[in-house]
Structures are given as C-alpha cells and as structure tokens.
Amino acid sequence: MWNRKIAIVDLSAKTVTAKPIPREIRKKYLGGRGLNMYLLYNHLQPNVDPLGPENLLLVGSGLLAGIPCLGSGRCDIAAKSPLTGAVGDSNIGGFFAPELRLAGYDHVAITGKADSPSYLLLKDGAIEIKDASHLWGKDTFDTQEALRRDEHDEKLVSLVIGVAGENLVRYANVRTGMKNAAGRTGMGCVMGSKNLKAIAARGTTPIEFADPDNLLRYCREMNEMITSTRWAKAQSRWGTMIIYSNTNTTGLIRTRNFQLNRLVDGEDLEPENIDRYSIGTSGCFGCAVHCRHRYVLKEGPYAPLYGEGPEYTSLGAFGTMLDCRKMETILVANHLVNKYGLDTLETGGLIAWAMELYEKGLINEESTDGLQLKWGNEDVVFDLIRKIAYREGFGDTLADGFKPAIAKVGTDSEYYAIHVKGMSNLHSDERPTPSFALGIATSTRGADHLRSRPAIDMYGLPENMLKEIYGGSVATDYSSYDGKSRMVWWQERLYAVTDALGVCKFQTVFCAVHAPKWREFSTLINLATGMTITEDELMRVGERIYTLERLFNLREGFSRQDDSLPDRYFTEPTPIGLPVAKGKKIDREKFDAMLTEYYDLHGWNLQGVPKSETLKDLNLSKEPSKLF
Amino acid sequence: MSEVRCLNCLKRFTVHSQVKEASCPHCKTKYRISWPTPNQAKVRGLA
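First to last, the protein sequences are chains A and B. Going by this note's numbering, the first sequence opens with residue 9, and the numbers climb by one from there. Going by this note's numbering, the second sequence opens with residue 317, and the numbers climb by one from there.
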C-alpha cells in the first residue's frame, strides 16, 4: 500500500482521526508540499492568527518518500507563517518522511492547542498525544535523545523544536537529526504555539510499491545519472559550501549586510578548509551524494563540539554578511542555531541588519544591552543568537522578524532591512542576476532561493539548450532580462513538484543541467504508485500548487506591490567584483516588465490575480473543497 | 588535465594537472585552482 492515510489531530479536544487520501486528490497535488497547500488553502479560515489554536499545522511526506534514490526522505511542514502572514512551509530532509510512512501515515494535520507541553507519537498505525513536560526547555539534540530513551527505541525518528520554538521566536524551525531543518517561515514557532514539542514516528509496515523490481532498477539509473554530474561530484566532496568559491570570487555575495558583494580576505571560508574539522560525510535517506560534513572542534572555547554541515547558507549568514572570516565562527554559530532551533538565514540576516544600524548610529549600546555590534565580532554574534532564542533584551526585538523589529527600532532602519514579504533573503546578491532577483521577489513565502532559483542561469548555456529546457527563448547572459521570467516560471513549477514528490532539489535541475526532471519524475511516479501522470500533467500540477499558494497570499492581503525588492537593489550598484558583476543594480522599469511577463506566463492578470480561465484550466475553480 | 569555467566570461578552459594557478585564455582573468579529486579542478578564488 503506497497511499497511506492522513491523521487529523485536534490537540485542544485531544482527538485523533484518520482518513484515506483519495486518488484524485493525489493526482492533482501528489503529496508533500502539494497536498499540504491543498489542505492549507481549503481547511484554514482566512486571516487567522498564525499563533492561535486555529492555525493548521501540516506535516506531509512526499509522494515518493521511501524510494532508494534522489534523497527521497523529504517531508514538507506547512501552516500560515507567523513570520510573514503568508504561506508558510518548509521542506526537511533526513529520515522522518519514510519513517512516517512506515508508521502508517503520509500526512498529519494538527489543529488546536495542547493545554500543556505534549508530543505526538505515531507508531505502527497508532497515534498518541503524550506528555512532554520533561522535554520543555531541552535543546533539539537532547530532545531527540530523550524521546528515544523514553520510548525505549533507538530507531525512533522525531521532528522537534528547541527553546526558540517554545519561546515563539517567529522564525524558529523544526529539526530532525543533527543537521536537517525545516528552516524557513517559522514552522517551529507554530509548533511552540500549540505546545507541541515533537512529533515522533516509528513503523515496521513495509511500503508496497506498484512495480518494485523495475522501480529498483530505475532508481539505480537515477543514482548513476545524478552522481555523474559535475555538480554532484563537487557537492559530495564539500557539500553546498562548494558554491562559495564561485559566488564570492565573482562578487555575488552580500557582505556587511548589503554594503559589499564580496568578502575580501575570505579565504578561510573556502570549502577546502572544512577538511581541518571534518571526520567524514553523511546523507539523507535515499541519497547517493552525501553532501553534509560531520565536523568536530577539538580546541578553543567552544570545544569539544560535534556538528553537521555547514551549508553554503551558513557561510553567508554567519560569515560574509557579518564580516566574520573564520571557518570556526561558522561552525560554532551553525551549531548554536541548530541547538536552539533557529532559522540560520533569518538569524544571520537580522544580526547583519542590526550591525549595519549600529555602524550607521541608528542604534547604540543603550538599545543593544551594551553589546557592541561591530562587524566580525563573533562573541557578540554567539551571544545574540542565544538572546534571540531566549528572547532576552535586544534579542527579543530581533525575535519577531523584520517587520516588527523595524517598527520597534524606527522607520529609518527600514532601508537597511534586506527582506521580501517580511522574510530575510539569503546572502546572495541578486543585483547582477535579474532571474534570481525576480525569483526572490515573487516567491510565495518571502525572499527565497528555493522556490524558483534558476541556478543554471550562471553557466552561460547556449541559447538552443536553454530553449530546449525552458520551452522558449532565454538569453545566455545572466545579466540580461530577456526570457528570465520564463526561467523563473519553469523552475517554480519544477520545484513545486519536487517538493510534492519529496525528493531533493539538488537532485533535479537546480545546479545540475543533466539531472532528473519531468520525464524521470513521471516514470518514478508510475513505478512507485501505478498512477500515470504525463510530463505535461506534472507541469500542470506544479502550476496548480503555485497558483494555490498565490491564492492563499491574495486572500491574506498580499498583492503585486509585495512582489518587489528592497530599495537598495534599485539604487545602489554593486561596488566590487569581476567585470561581469561589478556596477550592477536592478533596473526598475525592466524589472516591472519582467514581473508583468511572469504573471502572464502563469495566467494571472496585471495585479497578479489568477484569471478565471486559469483556475478553470487547473481545475481550481471549485476550491475551496474539503478533505476532512 | 581538467576543465574549469571562467567566472567572468563563462567560457570553459583546460588546466593542467595539479596546477595551482591558471588564467582564462579568453578574458585573461587569473584564478587560483584547487583539486577536489586528482582529475577534477575547481576555481578557488582570484590569483
């Protein structure tokens, strides 16, 4: 049985029910992010308080979770975001999604609020709401260990929150294992608001696939396909840190918040230097790449310390954006945010903003509890991470995210805040790359590289190859605006399907041109589930998911005006970098034209509202509809 | 021998085994080179 049930848990009423997931819903939304978006749009009332008991927290394994390829251990966690008020969802790797399926469920919908700290245990078809009072206050690592001990089961896999989630930091994340995080949009905060410390799963019922022999053969082909790419070879050696060498050399990295676009003297952050601390690599379920380092700090004030990662994003969040130039700083900061359960990017983005405000004299030691927020001051960074997690002093100001923090600090500070829709951008500087800029502006969950980034735009691919991939004319030059709306539109649909299938984005056309995409996904779905979904239909599934997210945001009051960039993108040219990246800023007029073109490709009107014929074409004209 | 992509002009060029520096023959940008594996070079930064 590949299509397992959805569990519906009401923490207030302490009730649990389970329902089958109809096949026609599966065909329309697949699973993971797709099915979660269907449930979020249809089962959540508009304009609810994201921290109220009525917010719906959804945990969904991808449709292909459990197949032995493409990093199929991914799970999507969704709710209305307490950080942005828009769609909230975040994708997490590791081993939870397959374990959830083995436990008998594909999705879990959680509403209400427990009257005391609790955790959910899903085990071989049974679901219990259990007391978590003894876990409250524990960090994310100790919580998982305690759960395994309490349940006398070394193989128990859990999604947990740390103290940041308990303290309702609006960008608290959800974690599993040492490394994996549903990092963005504050899903850990939603768990905290429900007094839900953890969701633990354990199962022993095998997942039956439609054509297991051919599925296994095809998965082997997929693994060979992905590991033969240059990208996967490099990633398996140094993880996503590998990106740093190229972007920093070129001048595509935000440094000192947004003042420079390259970390000068940033040699220690080169990925090669992880070798000083690494004791090997590991990977998520069903992954042949193994991109994460396991590292140990044996000396220094924070030793002994074991951690996993860091990602490219951590190099930016705690390195370039703060002008911290030591690999050790990254490793310690990475460990701290993981332990407390904080989103790396939001934490780094907010500290970078605060440091620039301090430099400009817009805040001083009176407002920062005496902290000297000077660039590169790693002790202050570590201290501020803890203060945010515990909501102490100035940390409390930063704990609510950009929009509330701007209101507290003063409107003069807004210009320096690098966010879209209230969510921090990662450390990439998109001024030389209009396709990336459009992607972060239009992302349904706020400034975000994982919704649409066409990373292969950086390769200068020939026009005929780009036309074959994207189905229309796209300029080779990454600084051009021509055809870039098409790129973003295509990637949005691909990533929506990737997240709905529960496979890793790095194992599709993200950084690797010759990676699996529509055709391979269609084959995998057929072999795993027996459903026939053509390549064209899969593209429509992606469009449907993205359109539903758009509808959700429109209902919550977002509009075309929110699909924009911080002013600095339009006013300040990049000061340094290679000739290809230096002196670049986004042209407002061209950006607006690109945005209109992007809406048109989606079948949305000039305001970004889906047209009635688009909804009809996507079979969305009868929404909202109910599954439970 | 291995190939790397110039980060400025985006054209690929060949580098000899285990060299630590190389210049793009097209736009002359000079890079430091590192070797993730004995047969695969990568740009490490500007020389």
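Rather than coming from a laboratory, the hints here were simulated on the basis of the structure. One should not assume that every hint holds.
[What the hints assert, rightly or not] Restricting the straight-line Cα-Cα distance to at most 35 Å, the calculated cross-link-like pairs of lysine-lysine (DSBU-like) are: (1) K344(B) - K475(A); (2) K344(B) - K598(A); (3) K22(A) - K163(A); (4) K163(A) - K336(B); (5) K336(B) - K593(A); (6) K306(A) - K344(B); (7) K241(A) - K327(B).
Here is what the structure says about each hint:
1. For the suggested pair K344(B) and K475(A), the alpha carbons sit about 30 Å apart, so the restraint of at most 35 Å is met.
2. For the given pair, K344(B) sits about 31 Å from K598(A) by alpha-carbon distance, which is consistent with the 35 Å threshold.
3. Annotation: proposed proximity of K22(A) to K163(A) holds, straight-line Cα distance about 26 Å (limit 35 Å).
4. With a CA separation close to 46 Å, the supplied pair K163(A) and K336(B) exceeds the 35 Å bound.
5. Taking the CA atoms of K336(B) and K593(A), the gap is about 34 Å. The hint holds against a cut of 35 Å.
6. Taking the CA atoms of K306(A) and K344(B), the gap is near 42 Å; set against the 35 Å cutoff, the hint is violated.
7. As the CA atoms of K241(A) and K327(B) are separated by approximately 20 Å, the hinted pair is consistent with the 35 Å bound.
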